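Student: Sequence:
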Amino acid sequence: MGQTERKGLIDFLYRDVSRIDSLFAQVFQGTLREISTTSNLSSITKKQLRADLKILRGERETEKAKSDIVEKHIDPHDHKILDLMEVLNIPLLETPLSETVNGQVILVKGQIAIRNYQTIKAAIPAILDLGMLETAKQSKKELKKEKRIIEQMLGLVPMGLEIEIFAQNGETIIGTIKPEYLAEHPDDLLRMYGSHIPGEWYILGIISSTADQSTRASFSDLRQSIDEFAEAIRSLYAEGSSNYVIAPIFIYRELIF
159 MGQTERKGLI DFLYRDVSRI DSLFAQVFQG TLREISTTSN LSSITKKQLR ADLKILRGER
219 ETEKAKSDIV EKHIDPHDHK ILDLMEVLNI PLLETPLSET VNGQVILVKG QIAIRNYQTI
279 KAAIPAILDL GMLETAKQSK KELKKEKRII EQMLGLVPMG LEIEIFAQNG ETIIGTIKPE
339 YLAEHPDDLL RMYGSHIPGE WYILGIISST ADQSTRASFS DLRQSIDEFA EAIRSLYAEG
399 SSNYVIAPIF IYRELIF
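For what it's worth, my numbering labels the leading residue of the sequence shown as 159, then goes sequentially.
Treat the hints loosely; a few may be bogus.
To be verified - As a list, the in silico DSS-like pairs of lysine-lysine whose alpha-carbon atoms are at most 27 Å apart: (1) 279 / 298; (2) 279 / 302; (3) 336 / 302; (4) 267 / 298; (5) 267 / 336; (6) 305 / 279; (7) 336 / 279; (8) 165 / 279.
Stated by the list, open to error - Distance windows between CB atoms, simulated: (9) 177 / 299: 48 to 58 Å; (10) 345 / 383: 31 to 41 Å; (11) 358 / 253: 17 to 27 Å.
Honestly, the hints are just simulated from the structure, not real lab data. All values reported here derive from a predicted model rather than from experimental measurement. Cβ atoms here follow ideal geometry from the backbone N, Cα and C, with glycine treated the same way.
Using the sequences and the hints given, assemble the complete structure.
Tutor: This is how it looks when you write it as structure tokens:
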């Protein structure tokens, strides 16, 4: 018989420390910086006393108990996250995203892709020059045109890290993550896995819908033009993707041991 698999430990890929601290402070009226634990160490010392009196001569033994308090200061590390998970007690989302509201904190499970736009943009010229994206059917003229289009598109897309979540119900969610809050360096993830990170992950975050966004026209021509350019970039970036955006608070998976 094989060994029984056990669960109970979790592995965090991403922790938005700023949001975690903010939520923790709101729930617990402060933020956790360290944990102190105390233990009581007792020792018993035996002493033999001799009484010299003119008439009475005897011996008696006394016991003296000595107690020392030992205080330990422990780095809470992920203790705040575990406390938040317990208090918020957010169930795994099983309903369609259309039933969520903007600003709702949700927990979803699924596969994830992390796209490193900055590194990819820097590598694109070399990849194109080496012909790694070329197909046998393309002419030199077509290849040159393709290179120009790719470079122009990448020039429009804001750099950063994108996460795309492929939820268990078949829906997808996109979002951005901050490199300093990843457990692994983004370049290491790209080198080892490409865009798609293996396994299934739990993502707790704040959901928003970009569908049917109502926009107000600015009275300033300059600001109106900037808004139109921003919308064009958003449309290019979001083409073919979900209408739902998530701001991840933390991402983790269950460990089996």
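Student: Confirm or reject each hint.
Tutor: A quick look at each hint next to the structure:
no.: 1; hint: 279 / 298; result: holds, 22 Å
no.: 2; hint: 279 / 302; result: holds, 17 Å
no.: 3; hint: 336 / 302; result: violated, 34 Å
no.: 4; hint: 267 / 298; result: violated, 44 Å
no.: 5; hint: 267 / 336; result: holds, 20 Å
no.: 6; hint: 305 / 279; result: holds, 12 Å
no.: 7; hint: 336 / 279; result: holds, 18 Å
no.: 8; hint: 165 / 279; result: violated, 40 Å
no.: 9; hint: 177 / 299: 48 to 58 Å; result: holds, 50 Å
no.: 10; hint: 345 / 383: 31 to 41 Å; result: holds, 36 Å
no.: 11; hint: 358 / 253: 17 to 27 Å; result: holds, 19 Å
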